[in-house]
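**Q** Residues per chain, in single letters:
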Amino acid sequence: MADLAHLPARSTASAADALTVGGLTHRIGERVILQDVALTVPAGRLVTLLGPNGAGKTTLLSLVTRLYAAQQGSIAVFGHDVRKESSAALSMMGVVFQQRAIDPDLTARQNLAYHAALHGLPGKVARARIAAELERMNLAKDADRKIRTLSGGESRRIEIARALLHNPRLLLCDEATVGLDVRSRADILSDVRGLVRDRGMAVLWATHLIDEVGPDDFVIILHRGRVQRQGRAAEIAAALGADGLNDAFRRVTEAAA
Amino acid sequence: MSPAAMFRCFLGILWREVLRFLHQYTRFVAALVRPLIWLFVFAAGFRSVLGVSIVPPYETYILYDEYVIPGLIAMILLFNGMQGSLSMVYDRELGSMRVLLTSPMPRWFLLLSKLLSSTVLSLAQVYVFLLIAFAYGIQMPPLGYLTVLPTLLLSGMMLGGLGLLLSSMIRQLENFAGVMNFIIFPMFFTSSALYPLWKVEEASPILRDICSLNPFTYAVELIRFALYGQFGGFSALVVAACMVAFIGGAIVAYDPSKGIITRVRAGAAA
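Line by line, the protein sequences are chains X and R. Heads up, the first sequence is in my numbering, so the first residue is 1 and it goes up one at a time. Heads up, the second sequence is in my numbering, so the first residue is 1 and it goes up one at a time.
If you are wondering where the hints come from, they were derived from the structure by calculation, not from laboratory data. Treat the hints loosely; a few may be bogus.
[Stated by the list, open to error] Cβ-to-Cβ under 8 Å is the rule here; a few derived chain X residues that face chain R: (1) T65; (2) R66; (3) L67; (4) L90; (5) S91; (6) A101; (7) D103; (8) D105; (9) L106; (10) Y114.
[Said to hold, decoys possible] Ranges of calculated distance between the beta carbons of each label pair, as one might list FRET restraints: (11) R:L153 with X:P122: 21 to 31 Å; (12) R:L207 with X:D81: 48 to 58 Å; (13) R:F234 with X:A43: 55 to 65 Å.
Where a beta carbon is used, it is the ideal one built from N, C-alpha and C, also for glycine.
All chains should be modelled from the sequences, with the hints used to inform the complete structure.
**A** What follows is the structure, encoded as structure tokens:
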């Protein structure tokens, strides 16, 4: 396993790390969805959680966001245990869900204002941040259009803008580009990389699309509920003697099948 | 979280409910059409065949269409409470529920805010209904329009709490038809909404016992007394107790560590 020193297999919560997951096991009935998962997302870094459909990525993110409670193991966001200090942990993270989670009958601005209220932002602050995010996303002209009249890529960008409104330090993106065309996918990924570069934001980017991973990206390969490999994409490939990450991913998933 | 932040959060939830309500204004009309049909058609027909004797809170003989008003008000609250349940299931399918539940505010506060918001909308519908009834000639004592307000809030919160609890158990939007058949109609018909309990007892003592076990009966009676400026103490106690039980159950059900919904929803998540 090509582990890096700062991506230990069994993580211990540290306020310096954006996300620390340790010994996480989750079952639904008899079915084990996650098995002893341990990973770390360092502050200010982008980590890609790569796994095929059904690997357990969405369950993992649902546990991190407290939609479900972890049955075994620990999860901490900047040192805050999501179970004991869920309010502090949730206020530090922004989430882009796999399933579209935006009201199609409300306008972009109304959806963003709703999110700002859910985080208790004062009206003046909320209005300023909404305007700034819409401007940054080049969606200011669409602010008062209903979501159902926007394209898939535009509404996805609204969801990313929404996730950033409360100035989180960790962004969780669950298959954020699924169903989008190549151009929209590239735009969104580039925007998220910009957040890491310019704002020092930590990002956990869950995807099954290998072409979204750069050779220097930190990658965690999740398959059948287990972390199979983690490290830099190029290092994982080299450690397996594979011809690139695509080949390495195929070998890992076939070996674990 | 500061009280000011929590208040802003509540206002945001209320504002979204109002917006959705305005977008679905047919819901408002539909919610009024139902009790109005009962009032204009059903009650008008029964006026001549069903006499209501002098029982508290009435001090004189009243026409059937006056008797039925509290039941129809409670009907609005009941349907809206269940509509709230539908709205929660709809939000879940749409994904909006995730946005709500990942707010840093305490989950009990989010659920209570959602509940209170939909109850406030119900109150607006009730007063529009009372206004139409007033124009139709069914007039309550003037003070009754004010004294009924807290009972509407209490009853609305109880029925909304029931809807919230049910929403944690309903897996799909399609299952809402079951709620209609197994919750709304039995609750409405086995209550004092349409007939006084002594009339029900004449027909069937067992049915009367069933009616007296139905919390909806107490909501109807609480509203009935309040409309005449009187306080139905026992009814208030039953409604308050049921409200606490239903809302408490819903909060437990929506708690990720204790809730039944963890099991219900996680199946689709992997």
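**Q** All the hints need checking, so say for each whether the structure fits it.
**A** Hints and how they fare:
no. : hint                           : in the structure
1   : T65                            : holds, 5 Å
2   : R66                            : holds, 6 Å
3   : L67                            : holds, 6 Å
4   : L90                            : holds, 4 Å
5   : S91                            : holds, 4 Å
6   : A101                           : holds, 3 Å
7   : D103                           : holds, 6 Å
8   : D105                           : holds, 5 Å
9   : L106                           : holds, 6 Å
10  : Y114                           : holds, 5 Å
11  : R:L153 with X:P122: 21 to 31 Å : holds, 28 Å
12  : R:L207 with X:D81: 48 to 58 Å  : holds, 54 Å
13  : R:F234 with X:A43: 55 to 65 Å  : holds, 59 Å
Of the numbered hints stated above, none is contradicted by the structure.
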